[in-house]
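J.: Line by line, the protein sequences give chains A and B.
Take the first sequence: its letter number 45 is residue 36 in the numbering used here, and every next letter is one higher.
Take the second sequence: its letter number 63 is residue 749 in the numbering used here, and every next letter is one higher.
A portion of the hints provided could be inaccurate.
To be verified - Derived list of chain A stretches under chain B, where covered just means 3 residues or more per stretch with a C-beta under 8 Å from a C-beta of chain B:
#1 73 to 85
#2 94 to 107
#3 113 to 122
Stated by the list, open to error - Derived, one-sided and incomplete: chain B residues facing chain A with beta-carbon distance under 10 Å:
#4 Leu714
#5 Phe715
#6 Val720
#7 Leu731
#8 Leu738
#9 Leu747
#10 Leu791
#11 Gln795
#12 Ala805
#13 Phe809
Quick caveat, the hints were computed from the structure, so don't treat them as lab data.
All values derive from a computational prediction rather than experimental measurement.
Backbone N, C-alpha and C fix where the C-beta goes; we use that ideal spot for every residue, glycine too.
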Amino acid sequence: MNSSARRTLSAFMGILPILVGVLLLASMVVQLIPGLMRSGLFGHSLWEDTLVAALVGSIATAQPIVSYVFGGELLKAGVDLLAVTALIVTWVTVGIVPLPAEATALGRRFALWRNLWAFVAALLISALTVGCLHVLKG
Amino acid sequence: MSSRDKTGKRGGWWFLLAVIIGYGVLFLFEPGWVKGAIGHFLHLLATLAPILAVVMALLWLINLLVDPKRIRKNLGHDSGLRGWVIAIVGGILSHGPVYAWYPLLIDLQRHGTRPALLATFLFARSIKLPWLPMLAYYFGAGYMLLFTLLLTLFSPLVGWLTERTCCR
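This is chain A alone, in the form it adopts within the complex (with noise of 0.2 Å):
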């Protein structure tokens, strides 16, 4: 039981800084989004806010929840649900701001690989998502 204490701790502290520093970067980064979010970042052709939208999503950590309030008064503001829906999947797949952490624990390429393909899952999820509604609303 000792031994097993023992490795735990280690591989806690191991990490301490690591998540200390995420920590302090992903606080940085929400303090950035509303200022971006007023300087005009939406309002183009749909696929451009699809993007644009899914690269605040990847790079924004705060919990899912703050996609949804960020999302519903995005939908209220004129911003199309393709869009939104990019911006709440990639919020929670995607991790720009841990991706340092990420490579640090589980290593550069499998990081990298990982974040790019839940990128590209994100937008089929978005597509698929809006597009299913469609079909089912008539």
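Since the structure of chain A is already known, use the hints to place chain B on it.
T.: For chain B alone, kept in the frame of chain A given last:
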């Protein structure tokens, strides 16, 4: 401790030092903005503390109870359907920020877990069961169901693609 472990630990401290230096440089130009970021950081840290305690407890339990040979069998290269199901369900049921789960994932990786299953777990974490009613409230029940179903179906696909491309 292997030299790779030592390098990894030092890398973590260098990463933290670089972020702190970044904060210091920004403070010279935008002290108010940096103070806001620090306030957010302290709030995040306070929110995270109880989750970290749960992760520590889980890590300890895994180290105590789990036999690496069994892990290799259930989440290893010949784990089959059971491995995929464990990765998806585990991802859906996991809570808290992703970085709080890295110690556990490193541990699983060292015990021979397939990269595809780790990536599947990470993607399936995007489904947050407690928040689904909120998603339905904002976007409708149909949207919530479709969204959740598609995230679940895409989890193993992203895992498989990650393994095929990163670990050939």
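J.: None of the hints should be skipped; say for each whether it holds.
T.: Against the structure, the hints:
1. 73 to 85: Per the Cβ count (5), the hint holds.
2. 94 to 107: holds (count 9)
3. 113 to 122: Since 4 is at least three, the answer is holds.
4. Leu714: At about 15 Å, which exceeds the 10 Å cut-off, the nearest Cβ of chain A leaves the hint on Leu714 (chain B) violated.
5. Phe715: Where the cut-off is 10 Å and the nearest Cβ of chain A is about 13 Å from Phe715 (chain B), the hint is violated.
6. Val720: At about 8 Å, which falls below the 10 Å cut-off, the nearest Cβ of chain A leaves the hint on Val720 (chain B) intact, so it holds.
7. Leu731: holds, 6 Å
8. Leu738: holds, 8 Å
9. Leu747: holds, 9 Å
10. Leu791: holds, 6 Å
11. Gln795: Because about 6 Å separates Gln795 (chain B) from the closest Cβ in chain A, which is inside the 10 Å limit, the hint holds.
12. Ala805: Nearest chain A Cβ about 5 Å off; hint holds.
13. Phe809: Nearest chain A Cβ about 6 Å off; hint holds.
The structure does not agree with the numbered hints 4 and 5 stated previously, though it agrees with the rest.
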